[in-house]
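**Q** On the provided structure of chain C, position chains A and S as indicated by the hints.
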Amino acid sequence: MDQTLAHLQSLGLTLPEVPAPVAAYVNCVRSGNLLYLSGGLPMDGDNRIFGKIPSDVSIERGQEASRMIILNRLAVIHGELGSLDKIKQVVALNGFVNSEPDFYEHPAVINGASELLIKILGDRGKHSRTALGAASLPLNVAVEINLVVEVED
Amino acid sequence: MDQTLAHLQSLGLTLPEVPAPVAAYVNCVRSGNLLYLSGGLPMDGDNRIFGKIPSDVSIERGQEASRMIILNRLAVIHGELGSLDKIKQVVALNGFVNSEPDFYEHPAVINGASELLIKILGDRGKHSRTALGAASLPLNVAVEINLVVEVED
Amino acid sequence: MDQTLAHLQSLGLTLPEVPAPVAAYVNCVRSGNLLYLSGGLPMDGDNRIFGKIPSDVSIERGQEASRMIILNRLAVIHGELGSLDKIKQVVALNGFVNSEPDFYEHPAVINGASELLIKILGDRGKHSRTALGAASLPLNVAVEINLVVEVED
Chain C
587 MDQTLAHLQS LGLTLPEVPA PVAAYVNCVR SGNLLYLSGG LPMDGDNRIF
637 GKIPSDVSIE RGQEASRMII LNRLAVIHGE LGSLDKIKQV VALNGFVNSE
687 PDFYEHPAVI NGASELLIKI LGDRGKHSRT ALGAASLPLN VAVEINLVVE
737 VED
Chain A
587 MDQTLAHLQS LGLTLPEVPA PVAAYVNCVR SGNLLYLSGG LPMDGDNRIF
637 GKIPSDVSIE RGQEASRMII LNRLAVIHGE LGSLDKIKQV VALNGFVNSE
687 PDFYEHPAVI NGASELLIKI LGDRGKHSRT ALGAASLPLN VAVEINLVVE
737 VED
Chain S
587 MDQTLAHLQS LGLTLPEVPA PVAAYVNCVR SGNLLYLSGG LPMDGDNRIF
637 GKIPSDVSIE RGQEASRMII LNRLAVIHGE LGSLDKIKQV VALNGFVNSE
687 PDFYEHPAVI NGASELLIKI LGDRGKHSRT ALGAASLPLN VAVEINLVVE
737 VED
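Here the protein sequences come in this chain order: C, A and S.
Each residue of the first sequence is one higher than the last, beginning at 587 in my numbering.
Each residue of the second sequence is one higher than the last, beginning at 587 in my numbering.
Each residue of the third sequence is one higher than the last, beginning at 587 in my numbering.
Pulled out of the complex, with its shape left as it was, chain C reads as follows:
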């Protein structure tokens, strides 16, 4: 039984389908106990969050984009490991915000991701983090996030 998945569902959340990479790469690669996840995008079926923050997309909607990405990154981990219980520690999170040159609130946007990780995973979700503004992002998504995760043997 996947207790972490059960907890996630008890929070009213669900894992989306494992997303298909948008180009010639794979969703994740494991090396030893580290799982490297590709940059995830805020896309789930028809629900897609496009545009620059804050002119096209509000900070609140950017936080929603960050949460969407965490759920699809967890779907990738679940597909790879078979259980979210095998997550030992989220090690690093890099969050890229599709920003205007005068936008300074990247931490607030990426907190959508960080807070959801901690809500779902508890102490295992506490991570080092880098948040910054990209000049542009693939497909014009509002946020892109990659992760390095330590997993059980």
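Where hints are given, some of them may not hold.
No distinction is drawn between identical chains; accordingly, a pair holds when it is met within one copy or between any pair of copies.
Listed next, the in silico DSSO-like pairs over lysine-lysine satisfying Cα-Cα at most 27 Å (straight line) [what the hints assert, rightly or not]:
1) K674 <-> K705
2) K705 <-> K672
3) K674 <-> K712
4) K712 <-> K672
Keep in mind that the hints were calculated from the coordinates and are not lab data.
**A** Only chains A and S this time, still in chain C's reference frame:
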């Protein structure tokens, strides 16, 4: 004998000279079985690809820049390990495109790198990936790519 | 005794207080022998370096920002490990410069960090590196730098 290098040459490709870092850092650092490569630039002697995509540099030329970087990153690995056969798996690739704010085709540009890695290395070349737009890049190069590679003991 | 800290002090430098993360993450996470440090900002009490390079902030001042970040990253490592002597090797440094679209001297700015690491740590400070221009950075800081560091058992 370096079978990977032989395969690379059979594709009509050659490894360039190992590039000199453009500042106070080294081309790669190994920690355990992971080799971390510095951000590579599309420069090989007089052949250098400068400018923003797509206004100065086309997507096709950006793909060529991505391929140049993969070849000079492989030259770094070859210089470090003595043989490309010691590459066990390309783990992570981060690709930065010197982009206008309204450019959204970073995946197509970085596919130049991803597809060449797979062509040369087969399954060992399949990697997790993050592609995004930088506001500007060192020396105004069109693309910059770093890698994390798992190597044999 | 922390010989590295003594050396740092003999250079006329001091470690600042360990900075508080500006959002919902932690300063560093250790996985095996690798310590992943969050993106550090050039802020030490009232001394904060804000703005874009080179319009608001000169290259020289950007180098000073890079040095400030290295000192606060070393403070984080010291707080985590108890001694800077336990640093085995700086493995990777990612340096993000808050840049105008036509700024190309990111290597000079990030050299402030790279050269200080080597001055303090000697060969242990030699690292792989990626430097690039961000469209914008958290709080409008001029530079942001994260690190991956190999530490003693």
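**Q** Would you mind marking each hint as holding or not holding in the structure?
**A** Status of the hints after comparison with the structure:
1. K674 <-> K705: within (15 Å within a copy, 34 Å between copies)
2. K705 <-> K672: within (17 Å within a copy, 33 Å between copies)
3. K674 <-> K712: This pair counts as both: shortest intra-copy Cα distance 11 Å, inter-copy 24 Å.
4. K712 <-> K672: For K712 and K672, both the intra-copy (15 Å) and inter-copy (23 Å) Cα distances are at most 27 Å.
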